[in-house]
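Participant: Read off the chains here:
Number of protein chains: 2
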Amino acid sequence: MKKFFGLLMSFVLVLSLVASAVSAKPKEKNDIFEDKSMHVQIVLFDGFDLLDALAPYEVFAAAGMYSGGAVTVELVSAEGKRSVPSGMNGPALEAQAALDPNRSGIILVPGASGKPAGNSEDAIPNILRQANETGLPDMMKRAFENKNITVATVCGGSLLLAMDGLLKDRHAVTNQIGMAALGALGAIPVNARVVEDGPRFVSGGGVTSGLDVALYLVERELGPQIANAVERLFEYERRGTVWHAEGIAPIDFKTSQKASKEEQPAVVP
Amino acid sequence: MKKFFGLLMSFVLVLSLVASAVSAKPKEKNDIFEDKSMHVQIVLFDGFDLLDALAPYEVFAAAGMYSGGAVTVELVSAEGKRSVPSGMNGPALEAQAALDPNRSGIILVPGASGKPAGNSEDAIPNILRQANETGLPDMMKRAFENKNITVATVCGGSLLLAMDGLLKDRHAVTNQIGMAALGALGAIPVNARVVEDGPRFVSGGGVTSGLDVALYLVERELGPQIANAVERLFEYERRGTVWHAEGIAPIDFKTSQKASKEEQPAVVP
Numbered sequence: 000m001k002k003f004f005g006l007l008m009s010f011v012l013v014l015s016l017v018a019s020a021v022s023a024k025p026k027e028k029n030d031i032f033e034d035k036s037m038h039v040q041i042v043l044f045d046g047f048d049l050l051d052a053l054a055p056y057e058v059f060a061a062a063g064m065y066s067g068g069a070v071t072v073e074l075v076s077a078e079g080k081r082s083v084p085s086g087m088n089g090p091a092l093e094a095q096a097a098l099d100p101n102r103s104g105i106i107l108v109p110g111a112s113g114k115p116a117g118n119s120e121d122a123i124p125n126i127l128r129q130a131n132e133t134g135l136p137d138m139m140k141r142a143f144e145n146k147n148i149t150v151a152t153v154c155g156g157s158l159l160l161a162m163d164g165l166l167k168d169r170h171a172v173t174n175q176i177g178m179a180a181l182g183a184l185g186a187i188p189v190n191a192r193v194v195e196d197g198p199r200f201v202s203g204g205g206v207t208s209g210l211d212v213a214l215y216l217v218e219r220e221l222g223p224q225i226a227n228a229v230e231r232l233f234e235y236e237r238r239g240t241v242w243h244a245e246g247i248a249p250i251d252f253k254t255s256q257k258a259s260k261e262e263q264p265a266v267v268p
Numbered sequence: 000m001k002k003f004f005g006l007l008m009s010f011v012l013v014l015s016l017v018a019s020a021v022s023a024k025p026k027e028k029n030d031i032f033e034d035k036s037m038h039v040q041i042v043l044f045d046g047f048d049l050l051d052a053l054a055p056y057e058v059f060a061a062a063g064m065y066s067g068g069a070v071t072v073e074l075v076s077a078e079g080k081r082s083v084p085s086g087m088n089g090p091a092l093e094a095q096a097a098l099d100p101n102r103s104g105i106i107l108v109p110g111a112s113g114k115p116a117g118n119s120e121d122a123i124p125n126i127l128r129q130a131n132e133t134g135l136p137d138m139m140k141r142a143f144e145n146k147n148i149t150v151a152t153v154c155g156g157s158l159l160l161a162m163d164g165l166l167k168d169r170h171a172v173t174n175q176i177g178m179a180a181l182g183a184l185g186a187i188p189v190n191a192r193v194v195e196d197g198p199r200f201v202s203g204g205g206v207t208s209g210l211d212v213a214l215y216l217v218e219r220e221l222g223p224q225i226a227n228a229v230e231r232l233f234e235y236e237r238r239g240t241v242w243h244a245e246g247i248a249p250i251d252f253k254t255s256q257k258a259s260k261e262e263q264p265a266v267v268p
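Sequences listed follow chains G and S, in order.
For the first sequence, position 70 matches number 69 in numbering that gives the first Met the number 0, and the numbering has no gaps at all.
For the second sequence, position 77 matches number 76 in numbering that gives the first Met the number 0, and the numbering has no gaps at all.
These are calculated hints, taken from the structure and not from any lab test.
Hints may be right or wrong, so weigh each one.
Intra- or inter-copy, both count: the list cannot distinguish identical chains.
[As the list claims (entries may be wrong)] Under the rule of at most 30 Å between Cα atoms (straight-line distance), these lysine-lysine pairs were calculated in the DSBU-like manner:
| no. | residue 1 | residue 2 |
| --- | --- | --- |
| 1 | Lys80 | Lys114 |
| 2 | Lys140 | Lys253 |
| 3 | Lys140 | Lys167 |
| 4 | Lys80 | Lys253 |
| 5 | Lys80 | Lys146 |
| 6 | Lys114 | Lys146 |
| 7 | Lys114 | Lys253 |
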């Protein structure tokens, strides 16, 4: 019995040592993120898409809750405090303040909600065109020039910026139905759920990729523990590798097959 | 050359026959869904969760767009037309009308947004308790009695109904953090992303499962083609098998191991 008790105590000792080592590790790693905080401005414009804007909003709000206030998030518009109607006759949201392109943090631009194609007033291209005639493009130009700001987009948000020439030669993604247009507008379309072009521009694909854009930015700015807590609360797991122009680029088999065909002499039987 | 042309024409003929057979098939299947339409009421209450309510809202709105108006969706409240604040000091949404428990279709109840536990005013259990003191429970009781209504919930929405005793002995799911409470309130908790208890009550798990609840209901009421179009637009694929009490039930190995131990005589060496 005494021997068993001795064994048990050694086991408890080992366990407690292991436990302290495990609990020490996160502390070490947290140092990179110590005193980190982020402010997020989500830009509303007439005809914006509800989910594009509010899925990231809620990820950032929950991250703020779990971090004891290290993340703050607000809805803004180019015109300041006003009620902004969403697309497809959807409900309006109140922008709390004017977009401030001098404020450090993240500025997220959602896409529009409407008919995916066509020339009607409620077609997405027309809604984006109208947003482009407001004060928004100038403000976003200033945001891109500010080294303390990361610009993020969801869905048609990247098209909106590309229309102003702000994404010239930048890697970006948008909803699958807008990828050709994104290329035609001077951006470099990349087929990924989330694309990071340098550290200061992050774009997401269709509607629900806003969850992935926001979760990625939460992890990047505050570490993986807060992002994981939000994922568990939302019962969602971030999807897809965040593409950025680093590491080995994969062989493009369409191009390389063509190239090797051209190089090889024709085989005549 | 003539032979080649003949072959080509036969090939074109076969192709066109195949194509007409393919295009005929959906028509046959569509008959079940012919002239189908659905109206969806999404219930707002003070402190509701934005995504729980708006992810399904946007799925139904997009389904309406793709079906040429076979789906209509509106935001409602027990008190009628009013501005309803979301939880965690989030933005308010305008309820367009009073919840009508006599109107055929779907009534969807979202959960609350706030601290996942605790006794503070902004803790989820307290927000749900306050919603229960409004006219909502009586209206939902009448909705459950109406054979032309399907009640759907997302996240804490099922807890809200369970608090009123409306889910007694019904299969349901809620956010993982609320599953024990759901059982304590008389429901039968089922670990699935979407649970269908008979055809007139469908519940979803945490926040983002609202996408799956709405996509399932769109498929059930209007067929898979509209649901698929919405999935592609949103770049989201419905997740998980919709659980319902049919077919073979899986062996519960925790229970059966215990049972077989008890049945077998102890083995003495």
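Participant: With reference to the structure, classify each hint as holding or not holding.
Facilitator: Okay, the hints, checked on the actual structure:
1. Lys80 / Lys114: both (28 Å within a copy, 28 Å between copies)
2. Lys140 / Lys253: neither (36 Å within a copy, 61 Å between copies)
3. Lys140 / Lys167: within (12 Å within a copy, 57 Å between copies)
4. Lys80 / Lys253: neither (50 Å within a copy, 57 Å between copies)
5. Lys80 / Lys146: This pair counts as within: shortest intra-copy Cα distance 26 Å, inter-copy 45 Å.
6. Lys114 / Lys146: neither (36 Å within a copy, 34 Å between copies)
7. Lys114 / Lys253: Answer is neither: 33 Å inside a copy and 52 Å across each miss the 30 Å cutoff.
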